[in-house]
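*Asks:* Please model the complete structure; the sequences and the hints are all you need to start from.
Okay, here's what each chain looks like letter by letter:
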Amino acid sequence: MIFNQDICVGPVACARGYDSTMQAATQTSQPDGDERAFSGRELFKTYITGETQVHALRGVDFDIRKGEVLVLLGPSGSGKSTFLNIVGGLDRSTSGTLYYAAENLTAKSDRDLTRFRRQRIGFIFQFYNLIPSLTAEENVRLVTDIASNPMDPAEALHHVGLAERRHHFPAQLSGGEQQRVAVARAIAKRPGVLLCDEPTGALDSSTGIRVLEALEAANRELDTTLLIITHNAGIAAMADRVFHFLDGQIARIETNAERIAPAEMTW
Amino acid sequence: MKALDLKLVRDLWRMRGQALAIAVVLAAASATFILSMGVHNSLKITRDAYYAQNHFADVFAHMVRAPRSTLDRVRQIDGVQQAQGSIQQYAILDYPERTEAVRALLQSVDEHGRDQLNLVYLKEGRMPAAGQPGEVVVDEAFAMANETGPGYEVDAIIYGNRQRLQIVGIGLAPNYVNALAPGDIIPDDTRFGVFWMGEEALEAATDRTEAINTISVSLQHGASEEDVIRAINAILEPYGGTGAYGRSDHPSHAFLESELDQLEAMVQIIPPVFLVVSTFLVYIVLGRMIRTQRSLIGLLKAFGYSDAAIAWHYLKFALAIALIAMALGSLAGIWMGRSMTELYGRYYHFPFLRFSFAPVVFIGAGALAMLSAALGAITGVWAAARLTPAVAMSPPPPPVYRAGAVERIGERAGFTAIGHMIVRHIARWPGRSAITVGGVALAVGLLFATLQFIDSSHFMLDTYFQRAQRHNLSVTFTEPRNEDALYQLAQIPGVLRVEPQQALAVEMSNGNRHERTALEGTAPDAQLTARIDQKGALIDMPPAGLMLSRQLATQLDVHPGDSVHIKMLGGRHAETVLPVGALVDEFIGARAYAAPATLGSLARDGAPVSSALLLVDPAARDNILKELKSMPLVLSISDRDFEMARFRSMIDGNINTMIIFYIGFASAIAVGVVYNSARILFSERAHELATLRVLGYHSREVAIVLIGEIALLVTFAVPTGLLVGHWLAKLMLLMFSSDLFRLPFAPTNAAYANAALVVLAAAAVTGLVVARRVMGLDMVRVLKARD
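If you're matching them up, the sequences are chains A and B in order.
If you count the first sequence from 1, position 208 lands on 209 in this note's numbering, and the numbers rise without skipping.
If you count the second sequence from 1, position 326 lands on 1000 in this note's numbering, and the numbers rise without skipping.
Errors might be hidden in some of the hints.
[Said to hold, decoys possible] Which bits of chain A does chain B cover? Going by a derived footprint, with three or more residues having C-beta under 8 Å, they are:
id	region
1	70 to 79
2	143 to 152
3	164 to 176
What the hints contain is simulated information worked out from the structure, not anything from laboratory work.
The beta carbon of each residue, even a glycine, is placed where N, CA and C say it ideally should be.
*Replies:* So, in structure tokens, the structure goes:
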């Protein structure tokens, strides 16, 4: 695996000194303004439970290029999932600004965030989150029923190699197959962004690789921006860049000189 | 408190909404049980104490006139303990300012206080004194309705003579708990009252010195009522005796008895409905709770808790709900019971009320609630006990869905994915879906069965007053007359038609079944009365033989073509056997009809005319009433429209109170069932609903998954409920019908619609309350809960 040099020297520098310390890195790896998918500045997220406050994000700055593959690494509780939820419009930051292209997500109402998810975002979770009472194809239809320019559900399933299994219920599919249905469901709306939270966490290595191939294909063929949370550092090789989270901040960003195809990866 | 009990308390608090919803339904069962049993027992105890204290007689006999010495012969009959003679005489009260006739039944009392039976309970004032011929005690209901009492005076026409009466007291007596004026079918306290008058005074006023026309008898313990009646009849036959009868045929007692029977019927129908619903609610709620706590059960067993300890823990959850229900139900039952008993007390004129909410009633209600909750818990508790720790701690197998028949229908109907989710979930949990449908259906059914009572009674009234009676006024004579009396009435200007009403008091028998009734004459050319069947069609009077109301035919167990033995009560006690020619579906009374010729041949000297029906010109009505009031032969006048309006308002008043209760009960069932179903649905599908939100569904669209399923089930439940209601209504009508009246099944569309609408509204509000939770779903938290 080939990585560029670390561009953050520490969490504080990375979070607070973006303009100065990271200038060089952004000049080489950040996209032009019109190609930008996400742009976040000073994002904070604080949860208040009873009398305790949990600072899940502590001033995160970042830019994500359209069509980029990004892997988010970090220990549990480091803020990866909170980051993904905020980027995906499932949750709001406590402060800071977040843009998707020219849309200001921080100013959106619940209703507008729902519309944003409906049009732009595909989600994939560790435990698939398929509806058990719907067949594979119907699970995909859940999305195509409400999207503005969706694929045919059968086509989406074909993309992930499950055209034959489309009439099966989740309980009749293996874990890998279920996750591929989840991928098909996520890509069927032709989303601008695919957000994956531990997509291979519940799968064995070979099955996981098949799922990653499906994700990579969506990125390649549909130019979908891909954000993958994982605990598996091996997956970082398929990314353009890797965000390392620690204590609610992006501690460092790695840029891969070249991406490795999932098929070539092992863990 | 043990840790496991602490968990129980917290589980109850966490599920307080669902627990309370079940408790309310179960409380309704306890409350209706306590209410009905409590009121039944209170009334029965009050009645029995009243009867005992005031020495209500066991056997009663009326005759035209008998010498007082007859009593000595009656006292010598084997089994007779006490015998008391008295005079009963109807009188017209003269209230010049009132157009309607006001009547009184004068009942003699011994001025020297020597009466032993049917004692008057003085509420106010004193009894009539000897040597004061005009003194009377009036019954409490009359005094209240006419705002009169001691110190007031009123003129009365007694036996054709005017006499001034001084009211010296207000009283009650056990033989007039419910007093009806002749010709009336419901009490009218403003126009009819019982007046107790000194015996010597009444003897003088009615020209019956040392004579009586009524005998009351109390029996020795173990005496045969039948034998005593036979002996009394033999003694009284020469004096125009109309046949002695026991308490069961006493009008006041029989009316009270039928009310008690109705309360008993209520205990048998209403609480079981609530108990069944609560059992099923406990079943689904506890079942769901045990499924969600599966791994916890495994953990507890791994710690060393026994199967029995786990089973007892979950059983206690159900029993705790039953305990809450018992407390709520007991309070509600006592409150409703007291107000109902007071209502009955006022209606039936008891001197005192004995509330009897005996511990055994509460124990019974509690036991039923406990049993019902435990029954609902059994399946879940058994499953919890049987889980092995290893199995319990591993995740449960995912629910298996299949594309079945519903699926294929769905495909053809072009269901959306959400539509499939709804339909398949119903098909996946058929038992629970059936419980939701069944529960809501019972709510609809119970409400329909109650609401249709209005239609039933209106139909009964409409048939009785509007279709069977075509006169405006009916006139009762002071004593039976021959047909000449009719000419006097026909002479009054404005009277368009007069028809006689002839009746003979008879005893009809078939084998060992005997019924006392009036055999009424129906002339073939009669225009002012009609016998109509249940569908409203006219039934022709058979030229020979009898026409019986279906009620009487059932009591005698006879069918058209069978013969009935008839014995005249009073007169010459003629006996004959007549065939049953036809049956007529009438709703009030158990009545018998025959052609005037048949009556004539039975009475030989011509059947007496006891009353007449008048068709009058409405413009001349007031003048006619004035004229009738002044005629000495007229005892009372009933205005059909007035009577009907009064009957209707009385029934509506009684039923409206009942309907308000039942709207509450039905809503409680609907809310309990829908709330629990929706909460279970929500907890089961929260993860899926959150997923839909993540996928970009708006909260309203997501709520459809929940609302849609509930709505679909309720949609099934409404027609099912109306079917259940149909059946329940017929059962309730049957159980509420008595010898006095029979309620027809004649629901209007409004009864169906209102039952459905009330329950739909209750279900909709409940569904929306739960749907609000869906709207406020925290997607991230719900999804994290599994991850």
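*Asks:* All the hints need checking, so say for each whether the structure fits it.
*Replies:* Against the structure, the hints come out as follows:
1. Requiring three or more residues with a Cβ within less than 8 Å of a Cβ of chain B, the coverage given for the region 70 to 79 of chain A is violated, as only 0 such residues are present.
2. Requiring three or more residues with a Cβ within less than 8 Å of a Cβ of chain B, the coverage given for the region 143 to 152 of chain A holds, as 5 such residues are present.
3. Against chain B, the region 164 to 176 of chain A contributes 4 residues with a C-beta closer than 8 Å to a partner C-beta. That satisfies the three-residue criterion, and the hint holds.
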